[in-house]
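Each chain, letter by letter, is given below.
2 protein chains.
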Amino acid sequence: MNIKKYLPILKWLPNYRLATFNQDLLAAMIVTVMLVPQSLAYAMLAGLPPEVGLYASIAPLLIYTVFGTSSALSVGPVAVIALMTMTTAGNIVSPEGEAYLTTVILLTFMSGIMLTLMGLFRLGFLTNFLSHPVISGFITASAVIIAVSQFKHLLGVSVSGHSLPGLLVALAQALPEMNLTTLLMGSGTLLFLYATRRWLGPLLTGLGVSRAIAGSVGRLAPILAVLVTTWLTAQFALIERGVAIVGEVPAGLPPLALPSTDVSLWQQLWVGALLISIVGFVESVSVGQTLAAKRRERIDPDQELIGLGCANLGSAVSTGMPVTGGFSRSVVNFDAGARTPAAGALTALGILVVILWLTPLLRTLPIATLAATIIIAVLSLIDVHAIKHTWRYSKADFSAMLLTVVITLLQGVEAGILAGVGLSLALHIYRTSRPHTAVVGRVAGSEHFRNIERHTVETSANLLIMRVDESLYFANARYLEDQIQTLVSQRPKLEHLVISCQAVNLIDASALDSLESINLRLMDTGIKFHLAEVKGPVMDRLDKVGFPQRLSGEIFISTFAAWQHLKAASKNHHDDLEVSEI
Amino acid sequence: MNIKKYLPILKWLPNYRLATFNQDLLAAMIVTVMLVPQSLAYAMLAGLPPEVGLYASIAPLLIYTVFGTSSALSVGPVAVIALMTMTTAGNIVSPEGEAYLTTVILLTFMSGIMLTLMGLFRLGFLTNFLSHPVISGFITASAVIIAVSQFKHLLGVSVSGHSLPGLLVALAQALPEMNLTTLLMGSGTLLFLYATRRWLGPLLTGLGVSRAIAGSVGRLAPILAVLVTTWLTAQFALIERGVAIVGEVPAGLPPLALPSTDVSLWQQLWVGALLISIVGFVESVSVGQTLAAKRRERIDPDQELIGLGCANLGSAVSTGMPVTGGFSRSVVNFDAGARTPAAGALTALGILVVILWLTPLLRTLPIATLAATIIIAVLSLIDVHAIKHTWRYSKADFSAMLLTVVITLLQGVEAGILAGVGLSLALHIYRTSRPHTAVVGRVAGSEHFRNIERHTVETSANLLIMRVDESLYFANARYLEDQIQTLVSQRPKLEHLVISCQAVNLIDASALDSLESINLRLMDTGIKFHLAEVKGPVMDRLDKVGFPQRLSGEIFISTFAAWQHLKAASKNHHDDLEVSEI
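Going line by line, the protein sequences match chains Y and E. The first sequence begins at 10 in the working numbering and counts up one residue at a time. The second sequence begins at 10 in the working numbering and counts up one residue at a time.
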């Protein structure tokens, strides 16, 4: 049972049938054709030799087949993670040097360890620190940076920079050195890809072709662009005209690599590795969940962490780069009919065939073509609709998104995510730091109590009943003290204060301290402090530290019981029933 | 009205009477006598010349009288803030050098600006990031470091270090060089202070003296120790035996100072300044609130930020150090009968008299005496009871407290607070990331719905009603998706899913995205998605982005309405009422 949890392959492999194999094989062939140029492109985006992208598309896929729980997820290099790899490793060593690949391998290894540990210790909740607006803002800004960073390849010039202003300035300065042949080929490819993506689908469906087939034809466009420009470059010796090409890709199995044991390098990389792990996991699990839901299946997020973690460990020791489940490839895999994780293993075999025997075909593939495919791929990540939607829905969430976008563009990806997470947390603390509270009174003749500002209810000068609509914890503990002090200072005749706790799911140690302070302060002023409708688990904890014994008043089962008891107790003094009205 | 809010002095000064003045004057005289040795001691603790402590006890008190809202708060140097000043400024420049005082003045100035801005922009909620266990752990660990750091003065040796292990090692190494006369005087004072604090009060009350008077006599012990040891040192020329003394304190008004405009210094100090601001404010406001409550008054936390901010700005420009409301002095001020903030201004005049004419009396005050008073003062901050109490109440809160203590002792005060805040936030995210949810069924014959695992209720195979007991936000959005996927994958006959939202006070943009995903995924599997009992403000937001129109199902006013409508709709198919029982 437990073994099957940690080795999900044991659940499906024993029942694996030839029919399923045929479906998986077809999907794997289609994904392989898509993955070859993507692997090369994302390795280039990460500042790595092209073969590293192919290496990262073999071992990780085989390993995910054993440990993964999604039947359609296509693991491998993806654009945003490639950019994060570039900025994290590039901040420490120059991408031109020997040490760069070593640094990326260590980064991959560390990310693998972190993901695996998060899975084993069920720390997946850590990914919850990333709110959707922060992720969305981060991905949009990353896409802009990625797209702009690829313009150098369209122009055939050499510039570098991690932030948008730096990139733009460097591009402008390099403009005079641009290569016209490269520009023509690159912008031609870009236009072709844009046009097919924008107009081919609607055109074909307009001609009566089914939507599924029209979509598949559209996805063939990048492959076609690769084939045509590679052939053109070889045929017309465009290299002599200055067109940059992928060049010799060494054939053969991925070489084994051992991660560096340089402690200072580990210290420099850990924040980056953590962010890569979390962003990669979030992207992967949301694709996985969407696809699983379509078949009424489910994925196990903790096991997914282990699967992706082991995939990255495998990538690191086979000279690869950080990997995760990619959105577009996974959708293609699903649509093409992948039924089990075996489709991933078959894709890995396809890439293995390419790297063993077909690398000569890739030699004259122009860099500009890869750049054009990257630009078109990441433009779909820029989600203007999500930005507008968030603006309409919540200004607070929008501000977190905007900050993430701006800081990512100006200061880079790490700073962008950290600023967004910080602001999300601050906003959450702010929102819950002033919990909704209401002074309530009795609906005449009933056992119901309602807000005195919204309903005609009975109140009493010697008794104040306050309802708190939020759990009490460190962010709102002090506010409660302050608010009670305000209410009490306005009511000279007050003898009893009751807090009605039906919405309080938790009272943490800070809030307990506040309740103790409130109790002591009210005692000093001769007011008794009571609670009502305390939930079972909350009551258990209060009992553990003897709070009910220190409380000057009582804990009532219901607000009505408090009303009856405390009204009766003060009846002798004066008849003080008042009816508030709005 | 608004002017009175920002200048609270206008509220009480017009009605100021001679009787009140007499009460304030008496309190001011008592506090002044207490404040003189404290100012010298905390300046020493912060690594500053003794007169800086006195300077910080003049302008800030006058300014707080104008801007402050607490009638009993005694503003000035305090122990924990002095330690934080020492470690923050001492990390950048050596306390021996000229630049140290400049750095402390800038730190005070920055803290003043931060507090004032937090007050003007109502950012007081930022202090809520500090949970009580973190503050309590931080103060306990600081007290240990302060006490240990003073042992060098008792031994008459010179050592330095910000962390506990460093201090202990340095002290052990310096032991052979200790001065016996200093040790005798220092430990004698320490024993005397400890004994009076521990046994004098009970002894006097045992003899029939009232508790208030016994307490006042106890507070005179430090003054007595100062007078006696100063006299002894002068009388027997103990300086020649190596007893370190305060020395010449320059007489005269505080010199004006302009804060440094060195940008790199600002960058190095801002985290420290922020932490000093927040810790100082939290200490001050909790004392202020406790004392205000005793008189059924209240303080305005936002205005307190402005008051303390301006006090620190005043301290900075008059060559002072960071100040805040101190616990013990404020209690003495209150007990001695201070009625208005004028008592603070009168205390400032008292200190002014001391610095203009009485400084020669302070010359032979031994440093060891000040060290002994500091040690006794901070030992009362070590709150073993709070640690035990937190352990019993909540292991999660205890772990945040323990981490804060350990990191503060080992790595210093900044790292300690930041680690504690980080862990508190992580624990809060963890606690709310798995909100309590329950599948509910109808209590037969009623309109009530209860957890199917705890009650005998009616359920239906085609209808699932889930109650969520928490606001939906980024930390728990993904968990909800996952949980619904699990529930749905177990129920093949399901046609309708209802989420009952009576406890949902907020749906943020992340949670909205999750609801949209859940809606789409359920649509893919032919299940309709409904909501029930959505609160007004939450509904308004959902309407703003047109969510109800995209929802495959409906939004019902009550869970019962959903039950009636959806049961009726499926009645034709099959009679599938089931009764669950536990």
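Possibly wrong hints are sitting among the right ones.
Just so you know, same-sequence chains aren't split out, so a pair can sit in one copy or run between any two.
Stated by the list, open to error - Calculated pairs, BS3-like style, for lysine-lysine (alpha carbon to alpha carbon, straight line, at most 25 Å):
(1) K502 <-> K576
(2) K404 <-> K544
(3) K14 <-> K553
(4) K576 <-> K13
(5) K397 <-> K553
(6) K404 <-> K553
(7) K404 <-> K303
(8) K13 <-> K553
(9) K397 <-> K14
(10) K576 <-> K537
(11) K544 <-> K303
(12) K13 <-> K303
(13) K303 <-> K20
(14) K14 <-> K404
Calculated directly from the structure, the hints in this document are not laboratory data. All values derive from a computational prediction rather than experimental measurement.
Each hint tested on the structure:
Taking the shortest alpha-carbon separations for K502 and K576, only the intra-copy value of 14 Å comes in at or below 25 Å, while the best inter-copy value is 52 Å. In this assembly of identical chains, K404 and K544 lie within 25 Å of each other by CA distance solely across copies; the values are 20 Å between and 34 Å within a copy. In this homomeric assembly, K14 and K553 never come within 25 Å of each other (Cα to Cα): the closest approach is 37 Å inside a single copy and 43 Å across copies. Taking identical chains as interchangeable, the C-alpha atoms of K576 and K13 are never at most 25 Å apart, the minima being 62 Å within one chain and 39 Å between chains.
With identical chains, the CA atoms of K397 and K553 are at most 25 Å apart between copies only, with a shortest distance of 12 Å across copies and 50 Å within one. Taking the closest pair of Cα atoms, K404 and K553 come within 25 Å of each other only across two copies (12 Å); inside a single copy the shortest separation is 42 Å, beyond that limit. Taking the closest pair of Cα atoms, K404 and K303 never come within 25 Å of each other, the shortest separation being 33 Å inside a single copy and 41 Å across copies. Proximity of K13 to K553 under the C-alpha cut-off of 25 Å is found in neither arrangement, the shortest distances being 40 Å within a copy and 46 Å between copies.
In this assembly of identical chains, the alpha carbons of K397 and K14 never lie at most 25 Å apart, being 41 Å within a copy and 39 Å across copies at closest. In the homo-oligomer, the alpha carbons of K576 and K537 lie at most 25 Å apart inside one protomer (13 Å), although the nearest pairing across protomers, at 48 Å, exceeds that limit. In this assembly of identical chains, K544 and K303 lie within 25 Å of each other by CA distance neither inside one copy nor across copies; the values are 39 Å within and 31 Å between. In this assembly of identical chains, the alpha carbons of K13 and K303 lie at most 25 Å apart only when taken from the same copy (23 Å versus 63 Å across copies).
When the C-alpha separation of K303 and K20 is checked against a cutoff of 25 Å, the pair qualifies only within one copy, where the shortest distance is 20 Å, while the shortest distance between copies is 67 Å. For the homomeric pair K14 and K404, neither the shortest alpha-carbon distance inside one copy (42 Å) nor that between copies (29 Å) is at most 25 Å.
Consistency with the previously given hints fails for numbers 3, 4, 7, 8, 9, 11, 14, ordered from lowest to highest.
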